[in-house]
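Novice: Full structure from sequences and hints, please.
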Amino acid sequence: MEEIMHLRSLRQNIQELKQLNLESAQASYHLANLVKQFTAHNSFEHLLRSRSSNGLYRRHRLTELTDDFHIILATWEPHSCSPIHDHDETIGAVAVVAGQTVETKYRCVAHAERGLCVGSSGNESFANCTVSPILPGDNLQIHQMANQTDALAATLHVYLHALDRFHLYEHHADRQYALIPKQLWFDQDSVDRPIAEPALIGVS
Numbered sequence: 009m010e011e012i013m014h015l016r017s018l019r020q021n022i023q024e025l026k027q028l029n030l031e032s033a034q035a036s037y038h039l040a041n042l043v044k045q046f047t048a049h050n051s052f053e054h055l056l057r058s059r060s061s062n063g064l065y066r067r068h069r070l071t072e073l074t075d076d077f078h079i080i081l082a083t084w085e086p087h088s089c090s091p092i093h094d095h096d097e098t099i100g101a102v103a104v105v106a107g108q109t110v111e112t113k114y115r116c117v118a119h120a121e122r123g124l125c126v127g128s129s130g131n132e133s134f135a136n137c138t139v140s141p142i143l144p145g146d147n148l149q150i151h152q153m154a155n156q157t158d159a160l161a162a163t164l165h166v167y168l169h170a171l172d173r174f175h176l177y178e179h180h181a182d183r184q185y186a187l188i189p190k191q192l193w194f195d196q197d198s199v200d201r202p203i204a205e206p207a208l209i210g211v212s
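At position 145 of the sequence shown (counting the first as 1) the number is 153 in our numbering, and the numbers step up by one without a gap.
Think of the hints as simulated: they come from the structure by calculation, not from any bench.
Even glycine gets a Cβ: it sits at the ideal position worked out from N, Cα and C.
None of the hints are false.
Restraint-style ranges between C-beta atoms, simulated for each label pair:
| id | residue 1 | residue 2 | range |
| --- | --- | --- | --- |
| 1 | A48 | F194 | 24 to 34 Å |
| 2 | A118 | R16 | 37 to 47 Å |
| 3 | D75 | L176 | 17 to 27 Å |
Specialist: Structure (structure tokens):
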């Protein structure tokens, strides 16, 4: 029988992966496999209930304050989306754990008078357990996530370095965007952490 990965095991595996100091593409490959294994054997459906949020979608931090990486669960209301944003050049992986989302990747194509010229490099619809990479560099660093369905959705975001700050891309004219620095926030302080206990995310 294949072993079910608990949250604590995922955290330990990420710590071990970081210690290998792999180059970005290799680290991303191994991280995606860890995330895929974790999401394939755990249920997140019980998290899909309405909660107040400080933003357009809800972020629940699943790591401890002492961890030097982030595991974040985001829950999405029907027909909601994130702003276009980057990830401070970290390595990461995003997986759909409930419902369906659409990810649109963007890339910087030129520097403009009021910021950057940003163009879409395509979008893709993701369902359960699909994993999308986040890598340093423009083509896999900037994206927008959206739930275009009538049902709730949830995504798991794992970053090898704690993502304390990032940029929003504010549209000005044509394809010109201004970079707006932001600090990452969580809704965790006002909600429970319902999958923090191993018993709730699988029995090995």
